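In the numbering used here, the protein residues as written are 1006 to 1225.
By construction, these hints were calculated from the structure, which means they are not laboratory data. Model, not experiment: these values are computed from the prediction. Heads up, the beta-carbon is just placed ideally off N, CA and C, and yes, glycines get one too. A few of these clues could be false.
With beta-carbon atoms standing in for the labels, derived distance ranges [as the list claims (entries may be wrong)]:
1. Phe1146 / Ser1057: 22 to 32 angstroms
2. Asp1063 / Glu1218: 19 to 29 angstroms
3. Leu1048 / Leu1224: 36 to 46 angstroms
4. Glu1160 / Ser1031: 25 to 35 angstroms
5. Pro1053 / Glu1160: 31 to 41 angstroms
6. Pro1053 / Asp1076: 16 to 26 angstroms
7. Asp1076 / Ala1223: 29 to 39 angstroms
8. Gly1170 / Val1101: 16 to 26 angstroms
9. Ala1027 / Pro1126: 38 to 48 angstroms
10. Ser1023 / Asp1207: 17 to 27 angstroms
11. Ser1182 / Lys1119: 12 to 22 angstroms
12. Pro1053 / Glu1007: 26 to 36 angstroms
13. Pro1126 / Asp1207: 37 to 47 angstroms
Below are the SDA-like pairs computed for lysine to any residue, each with C-alpha atoms no more than 20 angstroms apart in a straight line [claimed, not checked]:
14. Lys1119 / Phe1044
15. Lys1119 / Asn1042
16. Lys1119 / Ile1094
17. Lys1119 / Asp1195
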Amino acid sequence: MEIRITPSVLNADLANLSAEIARVPSADGIHLDVMDNRFVPNLTFGLPVVASVRADTDRFLDIHLMIADVDRWGPGYAEAGAESVTFHIEASEDPVTLARTLRAAGARASMALKPGTAIEPYEDLLPELDMVLLMTVEPGFGGQAFMNSVLPKIERTRALIDKHGGQLWLQVDGGISAETIERCAIAGADTFVAGSAVYRSDDPDAIVRSLHEQAAAALG
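Produce the entire structure from the sequences given, and follow the hints as far as they go.
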């Protein structure tokens, strides 16, 4: 199982994203959190900023849409050149069509679930997806404490992915740090979003490398 670390710039210097992205050359991608103050009680940035980042870097862009009306707005992020676009199942009225539209536009299609949303009702959607994102905090703000209660859901999601024999990535986001990443890897996650742990350190890239090593070691 390949390990991927995709730092979130939510806790970086948003006024200087180009320099902040350059600080993590070892990262497997850059995670951009789009929030609209409707689906979650926070407001970050939208498509114009993502398009500007796309024009400025060739790094793998992992877009996490925490927005309402995602069926309408989600495809624009794929059309802007993002390699991966994640929509929340709680915000989508037609997730199959959305996933297919994202893929048709050239992006990996990903479904996110809040901590309290079960994975089992969405098993039939897995063949339409390239990644499942399990939130390990309530979405909306960085720096929250990791929720151990999500670990069994990571295990169940991994079992479903293995059952279907797909190549889905299993991503976790929220409170990922040196203290929590091994638990998530053992439970079955392979892709990790780390924000505060990376960008609040003096050497963000060293943290990225260390987290990668920890997760890989946890898998033996």
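Taking the hints in turn, this is what the structure says about them:
no. : hint                                  : verdict
1   : Phe1146 / Ser1057: 22 to 32 angstroms : 23 angstroms, holds
2   : Asp1063 / Glu1218: 19 to 29 angstroms : 25 angstroms, holds
3   : Leu1048 / Leu1224: 36 to 46 angstroms : 37 angstroms, holds
4   : Glu1160 / Ser1031: 25 to 35 angstroms : 28 angstroms, holds
5   : Pro1053 / Glu1160: 31 to 41 angstroms : 39 angstroms, holds
6   : Pro1053 / Asp1076: 16 to 26 angstroms : 20 angstroms, holds
7   : Asp1076 / Ala1223: 29 to 39 angstroms : 37 angstroms, holds
8   : Gly1170 / Val1101: 16 to 26 angstroms : 20 angstroms, holds
9   : Ala1027 / Pro1126: 38 to 48 angstroms : 41 angstroms, holds
10  : Ser1023 / Asp1207: 17 to 27 angstroms : 20 angstroms, holds
11  : Ser1182 / Lys1119: 12 to 22 angstroms : 20 angstroms, holds
12  : Pro1053 / Glu1007: 26 to 36 angstroms : 32 angstroms, holds
13  : Pro1126 / Asp1207: 37 to 47 angstroms : 43 angstroms, holds
14  : Lys1119 / Phe1044                     : 11 angstroms, holds
15  : Lys1119 / Asn1042                     : 16 angstroms, holds
16  : Lys1119 / Ile1094                     : 9 angstroms, holds
17  : Lys1119 / Asp1195                     : 18 angstroms, holds
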